[in-house]
Amino acid sequence: GLVDGDDDVAIEKATEVLQTFSARYEDHWSAVMGAKLGLGDPPADGGDALVADLLTLMQADRADWTGCFRALSTAVRGDPGPARAYFTDPAGFDAWVERWDAARARDHRDPAAVADAMDRVNPVYVPRNHRVEAALTAATAGDLGPVEELVAVVSDPFTERPGLDAYAAPAPDDFGRYVTFCGT
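Read left to right, the sequence shown gives residues 1 to 184 (this note's numbering).
Quick caveat, the hints were computed from the structure, so don't treat them as lab data. Even glycine gets a Cβ: it sits at the ideal position worked out from N, Cα and C. One thing to keep in mind: the hints can contain errors.
Here are the simulated distance ranges between beta carbons [stated by the list, open to error]:
1) Asp173 with Ala105: 34 to 42 Å
2) Arg77 with Asp53: 17 to 25 Å
3) Thr56 with Arg77: 20 to 28 Å
I would like the entire structure built from these sequences, with the hints used as guidance.
The following block contains the structure:
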């Protein structure tokens with residue numbers, strides 16, 4: 001067998017590894033999300049609750065996740081306005097920011113360094129469905145220019161560049177809910 005020649009031993013070994021998955025996944029999730037929020041590694045106490053509460057706010061307000069996470073570094077630099085603009089309930093966001101600020105303060109790290117680190121893990125540009133569809137439509141018609149431009153933009157997703165605002169923007173409302181080939 002792949003894991004062991006004895007099936008019973010192989011099952012036992014595989015089971016032991018699988019039983020560690022949940023804890024390992026949660027640790028990784030906490031580290032990644034903590035970095036997205038500038039909470040350090042490991043995240044500050046209460047980091048997981050901050051993540052969960054922000055995701056709940058974002059879901060309730062249908063906030064653009066990519067744009068919102070990126071805008072949070074601007075809040076660390078002293079201007080929460082761009083991040084607040086993603087929420088229809090600014091009071092709820094402001095209450096969350098107070099808790100987030102307190103958690104970051106416990107880390108005693110330089111805010112500029114924190115914001116820069118956040119910018120390295122929160123992209124400006126992702127291959128948004130409406131952009132991919134437009135590029136595929138153009139390619140099907142024989143024009144590879146939009147595909148090449150999209151690839152160039154998302155090949156350097158963390159560097160904000162002039163003239164590429166449209167690639168950072170979420171889909172227009174009339175694009176509708178997008179369903180991929182696999183149904184997600």
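Status of each hint after checking the structure:
no.: 1; hint: Asp173 with Ala105: 34 to 42 Å; verdict: 38 Å, holds
no.: 2; hint: Arg77 with Asp53: 17 to 25 Å; verdict: 22 Å, holds
no.: 3; hint: Thr56 with Arg77: 20 to 28 Å; verdict: 25 Å, holds
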